[in-house]
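Chains as they are written, first to last, in our numbering: chain Z, 1 to 458; chain Y, 459 to 773.
Note that these hints are calculated values from the structure, not bench results.
Glycine is no exception: its CB is placed at the ideal position from the N, C-alpha and C atoms.
It is possible that some hints are incorrect.
[As the list claims (entries may be wrong)] What the simulated footprint calls covered on chain Y by chain Z, stretch by stretch (three residues with Cβ under 8 Å from a Cβ of chain Z suffice, anywhere in the stretch; the number is not a length): (1) 515-524; (2) 571-579.
[What the hints assert, rightly or not] Sample of chain Z residues with no beta-carbon within 12 Å of chain Y, all distances over it, derived: (3) G60; (4) T197; (5) R300.
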Amino acid sequence: MNPESRPVSPALPEAMIQRPGPQASLLIRAVELLDPVAGIEGSHDLLVEDGVIAEIAPAGSLETGEVEVIEGEGLHLFPAFFDPHVHFRTPGQEYREDLEAGTRSAAAGGYAGVLAMANTSPPVSTAEQIEALRARAGVVASVPVGFLATVTRDMKGEELTDMAELRAVGAVGFTDDGLPIANPRILRRALQYQTMTGGTIALHEEDPDLSGRGVMHEGAVSTELGLRGVPSISESVMISRDAAIAGYENGTIQIQHLSAVESIGAIRRARADGVRITCEVTPHHLVLTHEAVRSLDASRYKMNPPLRSEADREALIEALIDGTIDCIATDHAPHAVYEKEVPYEAANMGVTGLETAFSSLYTHLVIPGTIPLSLLVEKLGSGGPPFGIEPFTLVEGSRANLCLVDLEAEWVVGEDGYESRSANSWCAGETQRGRVLVTLADGQVAYRLRSFSLGVAP
Amino acid sequence: MKHLLSVEDLDRDRIESLLDQAESFAEVTRRDIKKVPTLRGRTVVNLFYESSTRTSSSFELAAKRLSADVVSIKATGSSVDKGETLEDTVDTLSSYDPTAIVIRHPQAGAARLLTGWVDASVINAGDGMHQHPTQALLDLFALRSRLGSIEGRRIWIVGDVLHSRVARSNIQAFRMMGAEVTVAGPPTLIPRGIESTGCQVRHSLDDLGEADVVYLLRLQQERMEENFLPSIREYARLFQVDSRRLGPRQLVMHPGPVNRGVEIGSDLIRSDRSLISDQVVSGVVIRMAVLYQLLTRPDGDPEGSADGAPIGEPA
Numbered sequence: 001m002n003p004e005s006r007p008v009s010p011a012l013p014e015a016m017i018q019r020p021g022p023q024a025s026l027l028i029r030a031v032e033l034l035d036p037v038a039g040i041e042g043s044h045d046l047l048v049e050d051g052v053i054a055e056i057a058p059a060g061s062l063e064t065g066e067v068e069v070i071e072g073e074g075l076h077l078f079p080a081f082f083d084p085h086v087h088f089r090t091p092g093q094e095y096r097e098d099l100e101a102g103t104r105s106a107a108a109g110g111y112a113g114v115l116a117m118a119n120t121s122p123p124v125s126t127a128e129q130i131e132a133l134r135a136r137a138g139v140v141a142s143v144p145v146g147f148l149a150t151v152t153r154d155m156k157g158e159e160l161t162d163m164a165e166l167r168a169v170g171a172v173g174f175t176d177d178g179l180p181i182a183n184p185r186i187l188r189r190a191l192q193y194q195t196m197t198g199g200t201i202a203l204h205e206e207d208p209d210l211s212g213r214g215v216m217h218e219g220a221v222s223t224e225l226g227l228r229g230v231p232s233i234s235e236s237v238m239i240s241r242d243a244a245i246a247g248y249e250n251g252t253i254q255i256q257h258l259s260a261v262e263s264i265g266a267i268r269r270a271r272a273d274g275v276r277i278t279c280e281v282t283p284h285h286l287v288l289t290h291e292a293v294r295s296l297d298a299s300r301y302k303m304n305p306p307l308r309s310e311a312d313r314e315a316l317i318e319a320l321i322d323g324t325i326d327c328i329a330t331d332h333a334p335h336a337v338y339e340k341e342v343p344y345e346a347a348n349m350g351v352t353g354l355e356t357a358f359s360s361l362y363t364h365l366v367i368p369g370t371i372p373l374s375l376l377v378e379k380l381g382s383g384g385p386p387f388g389i390e391p392f393t394l395v396e397g398s399r400a401n402l403c404l405v406d407l408e409a410e411w412v413v414g415e416d417g418y419e420s421r422s423a424n425s426w427c428a429g430e431t432q433r434g435r436v437l438v439t440l441a442d443g444q445v446a447y448r449l450r451s452f453s454l455g456v457a458p
Numbered sequence: 459m460k461h462l463l464s465v466e467d468l469d470r471d472r473i474e475s476l477l478d479q480a481e482s483f484a485e486v487t488r489r490d491i492k493k494v495p496t497l498r499g500r501t502v503v504n505l506f507y508e509s510s511t512r513t514s515s516s517f518e519l520a521a522k523r524l525s526a527d528v529v530s531i532k533a534t535g536s537s538v539d540k541g542e543t544l545e546d547t548v549d550t551l552s553s554y555d556p557t558a559i560v561i562r563h564p565q566a567g568a569a570r571l572l573t574g575w576v577d578a579s580v581i582n583a584g585d586g587m588h589q590h591p592t593q594a595l596l597d598l599f600a601l602r603s604r605l606g607s608i609e610g611r612r613i614w615i616v617g618d619v620l621h622s623r624v625a626r627s628n629i630q631a632f633r634m635m636g637a638e639v640t641v642a643g644p645p646t647l648i649p650r651g652i653e654s655t656g657c658q659v660r661h662s663l664d665d666l667g668e669a670d671v672v673y674l675l676r677l678q679q680e681r682m683e684e685n686f687l688p689s690i691r692e693y694a695r696l697f698q699v700d701s702r703r704l705g706p707r708q709l710v711m712h713p714g715p716v717n718r719g720v721e722i723g724s725d726l727i728r729s730d731r732s733l734i735s736d737q738v739v740s741g742v743v744i745r746m747a748v749l750y751q752l753l754t755r756p757d758g759d760p761e762g763s764a765d766g767a768p769i770g771e772p773a
């Protein structure tokens with residue numbers, strides 16, 4: 001729109017904040033490396049020195065030396081995952097999750113980077129709040145966290161936040177997630193202003209007048225159960241509207257938690273028109289459908305957007321495969337037991353997802369052959385670029401952001417409790433395959449499965 | 459030239475001639491008796507539908523110093539409050555057979571409408587967000603007095619360009635006189651496609667140092683309510699020009715009224731880098747020049763005046 005415009009603060013603060021900690025040095029031997037971004041696969045030795053990937057060599061080539069050794073035989077090593085959509089409930093809702101537990105939960109899922117949403121109590125609308133959150137993350141966060149600020153003050157949908165100032169103190173982007181931006185004029189102004197400030201605007205897409213008081217997908221199941229439904233068009237019309245505004249103002253938007261086949265079409269059309277639009281899908285939308293809601297188990301199956309039909313689920317998988325969907329994002333939404341174990345219609349919406357993102361999708365989509373492992377690893381790792389953050393990769397000289405996974409390990413979700421403060425997992429009690437053993441986040445050992453020890457070769 | 463509705467009605471020669479004329483009137487305003495008989499016996503009507511301090515008072519004073527009879531109508535407090543239409547109001551005032559009607563109105567094109575209704579010369583004192591030609595002229599006069607020519611000079615117009623008739627008139631006028639114009643402000647307040655008027659666009663003051671002259675626009679508080687800006691605070695942080703941001707060799711201008719501490723730092727208003735007071739003074743002489751040129755023959759004799767003294771001599 002305005003070719004001469006430049007960002008206000010060319011030198012922005014570092015997007016992601018982690019607590020300080022010892023830099024790892026270790027040697028992972030004969031592990032099956034898979035980095036779809038760098039195009040590496042096969043059995044390798046990988047040496048980490050002081051938090052940096054020092055050397056990658058064919059299996060068996062590297063000397064053991066002084067560092068700790070992990071025998072990687074039979075295990076897989078991926079670039080760590082990145083989740084651009086989590087709710088860490090700080091400030092104000094720490095009974096559900098806090099930065100310490102939330103990042104621990106992320107690390108347990110193989111994540112070395114997460115972006116925290118802003119619909120807290122109060123919502124994150126001021127520079128002071130961003131600064132306080134970043135300071136707190138600098139003390140307790142086991143993996144780097146980036147924070148989004150709200151688009152509108154206190155998420156009231158009426159006035160813009162001081163977007164330039166928020167960016168200057170480190171807000172990674174903007175979102176009123178939890179709520180749509182109902183007033184198109186407000187979104188338009190935000191996108192115009194974004195020309196100056198930068199910062200992707202992430203959008204929770206539903207038309208509140210179409211969603212109404214819906215608590216699940218509007219379809220055959222809602223009809224039988226006698227529950228109010230949310231029609232798919234609630235999501236897709238909003239996406240079309242917002243994509244059109246973004247196209248007109250040359251803005252950059254991320255469409256959050258896609259759930260419907262109509263939405264995929266809207267995104268494809270917008271892309272064809274040259275709109276800078278990216279999008280994400282949750283693990284639960286790739287695995288479950290509204291059939292699950294027959295159990296009326298709100299703790300596992302009530303979320304926004306709702307679980308939809310099998311046709312929607314298949315379309316989402318197809319869109320993941322063909323690249324229409326840019327990344328997987330859990331929308332990790334912790335809730336207390338008393339908020340979820342209530343009659344379905346009264347329950348809060350949302351499920352956790354960080355600890356099971358990989359294992360649930362490996363179990364339900366990779367093992368049956370629906371998608372290849374490389375696609376899963378790629379899409380779990382590609383949540384950064386929509387926000388201007390480079391994906392992690394396993395190349396010599398880069399910071400160590402990686403996760404060591406045992407694909408054969410079987411485990412029961414929630415059997416040993418959760419790292420998260422909340423237990424509202426959509427796959428609670430399910431037996432899954434694929435377990436994260438170790439996560440390195442920006443060079444630190446952020447997570448180690450208690451039963452897995454770093455030791456010397458036998 | 460009978461009317462002055464827009465800067466687009468002018469060209470470089472006409473502007474030079476108006477500035478020269480204003481210069482000659484500047485001498486008059488320095489006298490103790492600030493009066494010339496040029497428009498004696500003529501009637502000038504000022505019709506202001508919007509509040510104004512500078513423009514209305516300087517038009518009134520300009521006409522009086524030229525010895526005209528002046529009638530000033532402010533819409534509020536007049537029968538406009540009773541619902542009288544623009545046309546009816548103008549009809550009523552036309553019955554005084556004015557030689558000139560000066561009109562300020564909140565809607566674009568009002569002045570042009572008048573030209574179809576009256577025999578008088580019509581001068582646009584500001585119509586909606588559209589044009590304010592005498593402001594552009596007085597700004598050029600103030601600049602010429604300080605800098606000489608503005609050929610090749612770089613002028614930055616900073617602020618709410620979207621809603622500003624001053625910006626629209628001045629971009630045209632500055633460019634007509636050979637200056638390079640840059641507009642700067644948040645993207646929400648820079649009109650789409652403004653580059654087609656020949657200016658550059660910036661969304662920060664990072665390169666403000668390139669400017670010779672910085673022209674500040676008033677930030678209207680209503681803009682927050684219409685979501686054009688998050689807050690005054692953020693605007694001031696990013697776009698306020700104060701004595702630190704303005705370089706020692708740069709000049710600052712403002713059409714007034716100023717919002718101290720918003721678009722302009724208080725300390726800058728009366729500093730030696732400020733042309734703001736010069737602008738106000740220029741307003742009177744420019745408006746004298748405009749009235750003079752519109753209402754008299756090019757050769758300088760007042761139209762139909764039997765006893766008018768030569769221009770510049772006291773009656």
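Here is what the structure says about each hint:
A count of 0 residues in the segment 515-524 of chain Y with a Cβ less than 8 Å from any Cβ of chain Z is obtained; the coverage claim is therefore unmet, three being the minimum. Check on the segment 571-579 of chain Y: 0 of its residues sit with their Cβ under 8 Å from a Cβ of chain Z, so the three-residue criterion for coverage is violated. Look at G60/Z: its CB is around 55 Å from the nearest CB on chain Y, clear of 12 Å, so calling it non-interface holds up. Distance check for T197/Z against chain Y: the nearest CB is about 9 Å away, which does not clear 12 Å, and the non-interface claim fails.
No Cβ of chain Y comes within 12 Å of the Cβ of R300/Z; the nearest lies about 40 Å off, and the non-interface call holds.
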